[in-house]
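Given only the sequences and the hints, what does the whole structure look like? Please build it.
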Amino acid sequence: MSLPVAIQNLQCTRGAFRLGPLSLDVAAGARIAIVGPSGSGKTTLLRCLAGLERPDHGTIRIGDALVDDDATHASPAERHLGLVFQDGGLWPHMTALQHLKFAAPGLSKQAAEELLARAGLADQTHQRPAQMSGGEAQRLGLVRALAPNPQVLLLDEPLRSVDVHQRDGLVLLVRTLCDERQVTSILVTHDRDEALALADYLAVMRAGQLVEQGPAIELLQRPRTAFTAAFLRGAACLAANRDGDGRVRTAFGTLAADTGEGDGDLRLVVFPGEVATTDDANAPAGRVLATLPADGDGLRVRVAIEDQIVIARADTAPTGTTAHLCLTGRPRLLPWSLPR
Amino acid sequence: MRFSPPIPAAVPFLATLLALAACSHADATGAGPTIYVALDQQFSEPVLNEFAAELGFPIRQQHDAENNKTVGLVTRILEDRDHQRCTVFWNNEVAHTVNLASKGVLVSYESPNAKDVPAQWRDPEHRWTAFAARARILVVNTELLPDRSEWPSSYKDLTDPKWRGRCAIAVPKTGTTLTHFTAMWKLLGDDGMEQWIRAMKDNDVAFLASNGATLRAVRDGNKAFAFTDTDDFHVARLHGFPVEAVFPDQRQGEIGTMLIPNSVALIAGGPDQEHGKRLIDRILARDTEALLAAAESAQIPLRDGIPGPRDPSIKKVSEFRQMDWDIHWTGEHIGEFQRRFLKQFGL
Amino acid sequence: MGAHSERYTKAPLWLALAFLTAFAVVPLAVLAYETVAGPDGFTLAAWRALADDDNLREQAMASLRLGLVATVLSLLLGGGTAWLCTACDLPGRRWFGPLAVAPLVVPPIFVAMGLADLWRDVSGFWPCAILLGTSHAPFVAVLAARGLRAVDGRAYEAALLLRGRAAADRWLLRSIAPELIAGCLLAFLFTVADHGVPEFLTVKGKTWHTYAEGIFSRWSRRAVGTTFAEVQSPIVAALPFLAALVCLLWAALRLRAAAPDRGVRQPLPVQPLGRLRWPALLLPVAYLAMGIGVPVLVLARWALGSAQEREPMGLDYLRESYAKAMDQGFAAFSHSVWLGLGTAAVVVLLALPLARQSARRWPVLDVVAALPAAMPAILLGIALVRTFTGNPVFAWIGGGADGWDFYSGWGFAVCGYAVRLLPFAALTLASQVRRQSLTAEEAGRLVPRSATHRALRLHVAPLLPAAWSAFVLTFVLALRELDLAVMLPAANATAVRRLANAVHFQHEDWSGVIALMLLATAVLLPLLPSLLAGRKLSSLS
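Chains G, X and L are the protein sequences, given in the same order.
Counting from 1, position 254 in the first sequence corresponds to residue 254 in this note's numbering; the numbering is continuous, with no gaps.
Counting from 1, position 49 in the second sequence corresponds to residue 49 in this note's numbering; the numbering is continuous, with no gaps.
Counting from 1, position 396 in the third sequence corresponds to residue 396 in this note's numbering; the numbering is continuous, with no gaps.
Rather than coming from a laboratory, the hints here were simulated on the basis of the structure.
Since we're looking at a predicted model, the values are computed, not measured.
Note that CB positions come from ideal geometry on N, CA and C, so glycine has one too.
Check before you lean on any hint, since a few could be wrong.
What the hints assert, rightly or not - Pulled a few chain L residues facing chain G out of the computed Cβ check, cut under 7 angstroms:
1) 445
2) 446
3) 448
4) 461
5) 465
Shown next as structure tokens:
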């Protein structure tokens, strides 16, 4: 069986922004999240997949069909995809039932009502989007996308406009419906929690490039780039440089030659809590920004050092505006991002 | 919201275009002549409808707009010169018809019914014939001027300081007023005309938009008297307003009252010329003049033996001294008059 | 599925563009070309003549003065009424608010007739300015009310708490400035383009004329053998004037369209007027009395027999007036209604694709669409006449006496009216399209339906309420159009033109009846949704 989605050497230029070239294969039934900060190109990638943008180069296959290459550009409707928009993208003049009937011409009224009921919208069948809550509107967006039985579902930050207490229900609904229908889902988001809730596999993007991809757990535990560590786990990435002797100079002093891998400019990755305040006046100093409420392990202090912010453990609340810091965890050195 | 049938979106547009096209006058050929009428629609429309029924062919009528009067229709005839839509032109005055004749737009047609029209009111080349006239009169408010001996009696009264700010005349940009002024130009000469206009302005004469407006100013008591046409005067009389007509300049040595007749002409290249000629014959029949004399517009018949308007204030041709004006010169110089004198009126 | 279907959905746009080209761009180009195409070939005589023509300069200045004074009055009456009804505790504001739009249905010539009847010596610059300012105040009133309703009350209250009343009001004024400016520019444009009213309200000594009058006067002289330069010079002068007006109109409509839909959660707090609460009523009452009360009263009096002294006024005379109206004017009335409905239908059909295209792809279409509205109607009429009768290249479209005669027919009048009124519908709908969600449209592109089906269900259907508003506005403006009615042959038979004639011939009695019928029709159409579907009266404005 062919891959549901196969992207090869995709390039797409929009003004000053350039996406790619990038390649990505998505396995059947996979739940993948494309994550990255704003402007990283993840939405452009999603739009290219949906056929809403035409790439400059590269190929996109969906199932057995070649939908994009230099000579081909299938229309969005011809790609048999579902797309859930960030703001719902609902049709304001149509009721919930009309949304489904219009989106899936072959769908019977009964089937449409059942689908709405599955999404908890039985009471909203004849309501228009303006009469629904944010969560209801997003559920309607989801079932509208799934109504024509697509093999691939694209989700563009679907939880963003949903209240916190409605998120779990929507997450469960997405996962359940996708599992039942064996739909491959591709999510784009800049929200780590959203990505982890809806996907098992992550692809991290930065400046139009795929930085790294892999199972979500692996990327969280063992990021291969400082960028991924910073983006997924909120790590502070301080400047580091390995000299000719192999020693690494950092804000926390010189580290041993056997620390980490890579040459030249590197990043010292410090996860939250892997640094503590110290009385050692020779230790590097940072500016105290705030003292955070204590958690189970004691006090935490937010300290600015270089151009990064670290969360440091502290025995007592700092009295001055500066605090001296020392590393408590194992120092990690990573390249900022993988070379192209 | 119900589902719409998946018809191509272009269909309503194409349907609209077809409807617009269908509303073109595709029936023009052979479906009767088209007449352009400058006489007020209210008077002329029923008369022409009656003629159509009597003659047995349809007559398409195009009426003028009051604010550009004859000029609008004349302009249209000239604009359409290369694909003429007008067969017959019924003008409610004569100068513009003469002007059209001088531009070669009219066809000679000697109607058998025109034979008894006085020669002065016929074109020697039979391109036009005049009939049923209006007189340029002074309309007086009899409540403001109850004493008949005080009434104005001449065009010169407009410049008499005695009437300063109390009289009106229309701006000579269209209609009978333009014809009147142009004819007066011939009579008074360049300097005389300049002086007359300047004297009227110095005397605070109100130059209003139309003869209707001057009549209204007198009728409503805003002005004591004004120049207007007999038809406007007659309607005000019918409506019971306190107005009276003065046929000006009737004394010895004075210029007389100007008579401005209707005129009818066959237009070169217009559709259905044969029916057009029959229509002209019908318009020039004696009973048409009688009909127009008896109608609200109270037109004065040019031919002897035709009963005139019932209102005794509107005199018959034989009952007053007419101004001797040069129709051909006037017709050919109305444009020149506008060029030379309208600037003094801000236009 | 795609390409074949896409062709169908593009067809309306191409048709609309072809229409705009044929009836706006080409006539204007023909007009411009004729200013240099003299009888003996290329000449700049008309341009030179302009330099020596003091009258034209004075007319342009008169138009400018008239436009400015009338606009200030529109701002005071329309803006003031909108503010009192939207943001203050004016007694009866729920009624006065929607009524502020009512003077729009009264043709300005009716207001002129009404004023001239009540105050018999009414004439000159100031009555003209007051009258046109009143007639065009609804543009300011409607847009100002829209602006005030779009302001978030919480933001106003925040400004009030921080900076005090005066500063908060200044902030409020700045917030609604786009709408106010847009309304004022529309009022200005309509005032300077009006030919009928200044011509009707003539002045002693005719010391001033407007520019539109000047154009028409010169055009009229064409028939009797004036010079090329004399006929063309006002049109020469009209071209830069027109360019300026296009820019103004475009700016006005864009300002209005650009005013963001702020997604108001809370309306402006209602300000207590205190002791001024009842005296403040004077403004809307005076405005409505001038704009609609006086004309309706005078027309009713005419119908009852006030304009004659032969019989007493009363119901007997009204019956007589009615009978005469049915006999003399009903054909003109029904002609006007059909012309209005035809125009409104064509305008909406053309405006829909133009609006979508200008909102989504070619904003420059706004300027092209604004072109005919910026032309004085008299000039547009001259341009249409010259193009479709006199021009050797385009006259075939107008046809001639032999067979095809589009120029003389109802269809041509509809096209002429439609091109004049198209900008209002196109720009209103374009701003509506801009407010619609792009993602909702993109969601539609994923649906396996034909492009036509998608266009109808997803693009057109949400625009239907706005399209209905555009239809009503076009219909009302078409009913009151006088200047084009003078120029276009088939439009000569409209009620407004016929009434202008009939009043001249002292037939006020049946003219009053027809005019009232016309007003009732103009009012009835916008009221239909309220009557049939229970839409709120406030939706009118």
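Going down the list of hints, with the structure as the test:
With 7 angstroms as the threshold, the beta carbon of residue 445(L) comes within range of chain G, its nearest partner Cβ sitting at about 4 angstroms, so the hint holds. Against a cut-off of 7 angstroms between C-beta atoms, the interface hint on residue 446(L) holds, since the closest Cβ of chain G lies about 5 angstroms away. Using the Cβ-Cβ criterion of 7 angstroms, the hint placing residue 448(L) at the interface with chain G is satisfied: the shortest such distance is roughly 5 angstroms. Against a cut-off of 7 angstroms between C-beta atoms, the interface hint on residue 461(L) holds, since the closest Cβ of chain G lies about 5 angstroms away.
Nearest Cβ of chain G to the Cβ of residue 465(L): about 9 angstroms, over the 7 angstroms cut. The hint is violated.
Against the hints set out earlier in the document, a violation occurs for number 5 only.
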